[in-house]
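I would like the entire structure built from these sequences, with the hints used as guidance.
Protein chains in written order, with the working numbering: chain A, 1 to 287; chain B, 1 to 287; chain C, 1 to 287; chain D, 1 to 287; chain E, 1 to 287; chain F, 1 to 287.
Keep in mind the hints are simulated off the structure, nothing from the lab.
Mixed in with the good hints, there may be bad ones.
[Said to hold, decoys possible] Simulated pairs of lysine-lysine, BS3-like, Cα-Cα distance not exceeding 25 angstroms:
(1) LYS260(B) - LYS44(F)
(2) LYS287(B) - LYS52(B)
(3) LYS86(A) - LYS161(A)
(4) LYS260(A) - LYS114(B)
(5) LYS281(F) - LYS52(F)
(6) LYS69(A) - LYS69(C)
(7) LYS260(B) - LYS161(F)
(8) LYS114(C) - LYS260(E)
6 protein chains.
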Amino acid sequence: MRLFLIFVALAIPAAAQVFTWSREQMIQYTGQNPFERFPDGRPKVPGALLEKVSGLTAEEVFTVLPGAKYPNQWEGNWRLLHPGRKLVGRAVTAQYMPLRPDVADVAEAGARAKGLAPNINQRVLDMLEPGDVLVVDLFGKVEQGTFIGDNLASYLFGRTKTGFVIDGSIRDLEGIYPIQMAGYFRSVHPSAIGNVMLTGVNVPVRIGSATVMPGDVVLGDREGVYFIPPHLVAAVVDNAEETHVHDEWTKAKLLTGKYKSSDLYPRPSDPALIREYEEYKKKKLAK
Amino acid sequence: MRLFLIFVALAIPAAAQVFTWSREQMIQYTGQNPFERFPDGRPKVPGALLEKVSGLTAEEVFTVLPGAKYPNQWEGNWRLLHPGRKLVGRAVTAQYMPLRPDVADVAEAGARAKGLAPNINQRVLDMLEPGDVLVVDLFGKVEQGTFIGDNLASYLFGRTKTGFVIDGSIRDLEGIYPIQMAGYFRSVHPSAIGNVMLTGVNVPVRIGSATVMPGDVVLGDREGVYFIPPHLVAAVVDNAEETHVHDEWTKAKLLTGKYKSSDLYPRPSDPALIREYEEYKKKKLAK
Amino acid sequence: MRLFLIFVALAIPAAAQVFTWSREQMIQYTGQNPFERFPDGRPKVPGALLEKVSGLTAEEVFTVLPGAKYPNQWEGNWRLLHPGRKLVGRAVTAQYMPLRPDVADVAEAGARAKGLAPNINQRVLDMLEPGDVLVVDLFGKVEQGTFIGDNLASYLFGRTKTGFVIDGSIRDLEGIYPIQMAGYFRSVHPSAIGNVMLTGVNVPVRIGSATVMPGDVVLGDREGVYFIPPHLVAAVVDNAEETHVHDEWTKAKLLTGKYKSSDLYPRPSDPALIREYEEYKKKKLAK
Amino acid sequence: MRLFLIFVALAIPAAAQVFTWSREQMIQYTGQNPFERFPDGRPKVPGALLEKVSGLTAEEVFTVLPGAKYPNQWEGNWRLLHPGRKLVGRAVTAQYMPLRPDVADVAEAGARAKGLAPNINQRVLDMLEPGDVLVVDLFGKVEQGTFIGDNLASYLFGRTKTGFVIDGSIRDLEGIYPIQMAGYFRSVHPSAIGNVMLTGVNVPVRIGSATVMPGDVVLGDREGVYFIPPHLVAAVVDNAEETHVHDEWTKAKLLTGKYKSSDLYPRPSDPALIREYEEYKKKKLAK
Amino acid sequence: MRLFLIFVALAIPAAAQVFTWSREQMIQYTGQNPFERFPDGRPKVPGALLEKVSGLTAEEVFTVLPGAKYPNQWEGNWRLLHPGRKLVGRAVTAQYMPLRPDVADVAEAGARAKGLAPNINQRVLDMLEPGDVLVVDLFGKVEQGTFIGDNLASYLFGRTKTGFVIDGSIRDLEGIYPIQMAGYFRSVHPSAIGNVMLTGVNVPVRIGSATVMPGDVVLGDREGVYFIPPHLVAAVVDNAEETHVHDEWTKAKLLTGKYKSSDLYPRPSDPALIREYEEYKKKKLAK
Amino acid sequence: MRLFLIFVALAIPAAAQVFTWSREQMIQYTGQNPFERFPDGRPKVPGALLEKVSGLTAEEVFTVLPGAKYPNQWEGNWRLLHPGRKLVGRAVTAQYMPLRPDVADVAEAGARAKGLAPNINQRVLDMLEPGDVLVVDLFGKVEQGTFIGDNLASYLFGRTKTGFVIDGSIRDLEGIYPIQMAGYFRSVHPSAIGNVMLTGVNVPVRIGSATVMPGDVVLGDREGVYFIPPHLVAAVVDNAEETHVHDEWTKAKLLTGKYKSSDLYPRPSDPALIREYEEYKKKKLAK
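Structure below.
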């Protein structure tokens, strides 16, 4: 029996992680992506669209996603590195589990065979491209769940110019704080990452009550983080444009204190106000 | 039986909410109010007194209230919109409960009969006057417990120039943040308010471990929110004036590092210091 | 001003609680009740129907209520006095808030005027009839939130032969335990009830995420407590009867270990099994 | 692009779940398993060994596993269906994530293509063999995280004669309670399972702070649940045999109250006691 | 400097723990104890009085202690080994802190010098006498906070015939469960005690919100644990005797369902009932 | 008996607190301290070394302490008064327990005999020297666990020029906030400190999962608080110096986005980069 096993081990090239999708699987599971893809099949939402997403807030995404049958794409209860810095980019996902050597040894052997870094977090970090946002399932682990310190945070920001979403902790907060990036994490601890194994890269991961796919557009604001499936990004952006104009006009009016809220919200009832708003909208959307 | 019920429904004009106080009830339950009242009987603590309250801190209220048998008027554990902005005004209260159609339908019919807005939060918002502070019992609900977004927050601030206390959540934090108002809330969520019904307006509400009455003076600082019964406001303000002077002098002395704390606090023991303090106090209170 | 107030106080007979419904209001808010009523208007679901409810489980209620637009009628996370004892009866509700003398004194004066007991919990207990289930909103208060000890628990059970639902705590657990009643509560504490005021009796109360109306049918099982609006009780009972028969037959089959679950559940696919089940059902429902 | 995608979708037979291991992968990742395997490669620890495991307690496993570099195989904080009933068997694992249609639709199409049941929990249940223990990662979900009710619990027990470990909730507790099986779960709720998708079957799953592999030996006692890798089961059992004898003798002595604990524990120091113990051990182990 | 230190170390016999009271200190801090003492000064409440305490419940202690200015003697939120088994005895206290070698090494050297067991929990266990109840401050630690397993639990019960209060965890619950003792603890874990140091024996310890002194009478019932200072035990017992009689009579009456609770509780108002009760009381107390 | 006790009370001079160390005990338990001491024996790490510690972060301490067998010296989950302000100084420790008069009265009598302030917090505050950091175990108490308000915070800062670590709460946050000091606390409350007694000063105290000794070097940064035993401070500082240089160079390189993280971290692999780094290091350490 042992012989047979060794034979199999030779015959099947081991993956570097327990869960790995081939390019074909990636394309199959993201089949609704209307955009280009990275070489590994991960959807590549265009930079121009990401630019527009950076002007959105969580509510503008919420207006579209649950109605499109995607109610599980937002997650809150984060600690923010720099509230006020928006986080926008394309998700690169990583999944960790508590370490067990029988599983980890097979995966590590596979990684070595591919010449990948042995370090469990750098292997993932070294995959990042500009515009990527790393999304890490460390199951909320605090002690030894510290995905990055100040050195690797510098790397991450230098490489991606975005930030990170870590369902776990970070270390070296004093050293990371000066970096002007957007970061979402659960806690902090001085310990180094340990007692975990990397089980998946660029596969679906669960972050709290959200499911995140590689290539999802990440939008982090003061409220929390939204993970937008690529095929819904355009609809979200289009819908938000009119909302922006509407809210701009409505908020300015309401701040005057001269109206009842129901005179203007959700929409004005007085014909003169309706006309005023319609003209404002026409002018704004024309730009 | 059903006929009888319909007859009753015709005979009794339904209230817009489950719990509504008549002007007479409001006056009865706030009988110790020494000030004027709004048309609905709600106590109207004078603006000049509110101005003085805005110079107080929670401790200065604490010095008076529990001793006057009001130990349940403070609530902490808030998330603050803008720490450092004080919240001061006259409480307008609202109570919500989980939705059940049998109850909600009767109340909504009553509201329609009075020409009130159907929207469960705007009906309350449209009642606000300058200087009011809205205090909402949403039982800490997060998802669908989002009382306001950026449009209605603009309205609320434009109308009252104060802020809000919501034992529930808000949405659109990214859009609300630029408004320079004071806000106390429990959490944030992108969802819209829903699955609740408005059960009371300007009746007593429970906010955590505090009971709030319409017309209470709301005082929010970095620590939490105090709800001061109108008949105790003057005593609180009077008591604080001397405390202010005392603490100013004492803190300046203690910051020098030259004394033992017990030389000066709670009061100086050295005759020279006593004299110095008495003179300082006389000069200050004279102003 | 003070004179005016006294005049009002004389003119309006104060209610014994802050929130009190007249018989007319009770009937208005429970207008869909198809059954008789108590003298105060509270719906009185017939004893024979209660008997049938005692054979149900939470799931059988769940099958009907959310679909009928009543998603907020169940509450879990209780501590149970005697798991395995079902709790069934007609809800009598009580609401408490943190004490403030200005409000409490008015209500207490009203209670005295009506000759009611001064004690804040006995006043409610003394209203109970056989078959009633007391449902108390004590906002989860533990210390001084102890609604009953062993003496009053004896009374409650002697009077109602049912049990209790207390969103607060009980005391004297050692003395209450021997009483063979069903009890749902949040915690235990040796202190006596205090620092609260009774604000409502037989008005809607919030128990966790459920809204309970006086006259609702309470059903407590090992899982938690359901509060069923009177007009939905018959539908729940009818629906459960066939479910009972279905589950009896299905469970017996599945326990044999001879089938795949999908052969039998939710319904059998094999014609012979379908026939067998239909015959079983006919026989059973005929009884 | 869309054409290309469709082409791919035709070319690659979709798996029934997002994460599926081939027989080869299963064997690779459980390469240290010294026992037979099920047709899908899952280790099959012999029944005789399972029998011996059923005599163990968590501590006896703890004595071996962390020392063998497996510190992450135990999980506590469960609610137990029947404390006192031991749970022993071979793990069948299932992983769920919050539903998103893009991913779920591909997997469901794969399942349909294989003729599998569409129902997200029955598909897993129908795979169970006698002696299996279902271990489900439902990420602690309570509402709509209810993996089984009384019908499917009957099936599960009828089929496996063991029990279940659900990192989520169950429904119909009143109906499940009479079944004399061992069950470990987090909570209860009347709702049905929903808003989730099955993402993996018989792949590694995280249950709290433990990583569970298909084929692990599950041992549940009053304390919690241990997941023992197959290649360590024999060592655990062997080690426990002497411990059993030691503890039997030691506990009996200590219960007499005649000794200091350090006279006997961890081992006796008096030569007469040492001799007595050695004789006892020889006799016992000889059996 | 180092020489000086060594000199000191020689000169001062190190205590076996960081905090140790001499017999004189023990007597000084328990100066109100009216009873005999153990050789180390610990108060020894007589067995006959303990016997009477075993008939009390938490409420009967609560009636006396806060009024006597002892409001901090009860602690709840325990997990109970055998609900229904009362725990009564004289407190032996132990305090632990997270391990630091500089402190622990000095204390261990002191212990070795006195010939005490090196094991951090057995050293305490070996001090126990019949009728003692061990009260351990392990600061709620779960993993490695496991004070006893089944061997040492056997010893503890064999020696004291009482039980334990551990503000920490226990291990081997499966093995401890069959022992018919009373146990109060916070959680369970399979790990062994570790990473802590014993800092005090028979000194005051904090158990949650209670302060426990060596020699306090421990009373554990279904509700939680009371720690009664020796000088208040007689007052508690005396007070409870009449309460017992009162409650017996009152509960029997109230269970009949024939009275309003206010007819009988807190005391009867009807002359005939008063007479009946007085006669009952006289007869009972005469026994 | 009572006579005997009084005699003892006269004979033994009572300590001002339950737990007090003599100078000899202090020296014994901090025997590894290589520095000078305060008159009471508390280690006095030199100011020059404290200066260097103020340039460190938690991670740089973590690199040394657990490896030196001190894993329990860090505590997180604080609320920070002014994130960004470092806290560095020599620990003065204080321990509180829930009040019980029998114990407190003896200690207070001792304090009076020594002419100490009766106030339970000022007695400790008045002991502070410049460079001290007060570390208070108030067991996380919120209400009545408020160690300082704005007057005493002014004193504390004026005296020490450092800050505080309070495992409890503070009051008067609005008044304390303007003081530019570093503060770590658990919560805020308007109440004054009460219902506690001071049980130890400059003895070991437990702060969460850390054990703190008088004289430990306190280092608070954005992440939490480290308590460094005096004999390890030099090693920590030495180790950090090279780390500082390493991280400076590495972070600057990684921020360029031109390298893979594994090219540079933990150390460079390319000979040219190695050379560049070595030269950088030589230059920097030479300064």
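Hints versus structure:
| no. | hint | result |
| --- | --- | --- |
| 1 | LYS260(B) - LYS44(F) | holds, 21 angstroms |
| 2 | LYS287(B) - LYS52(B) | holds, 15 angstroms |
| 3 | LYS86(A) - LYS161(A) | holds, 12 angstroms |
| 4 | LYS260(A) - LYS114(B) | holds, 16 angstroms |
| 5 | LYS281(F) - LYS52(F) | holds, 19 angstroms |
| 6 | LYS69(A) - LYS69(C) | holds, 20 angstroms |
| 7 | LYS260(B) - LYS161(F) | holds, 15 angstroms |
| 8 | LYS114(C) - LYS260(E) | holds, 16 angstroms |
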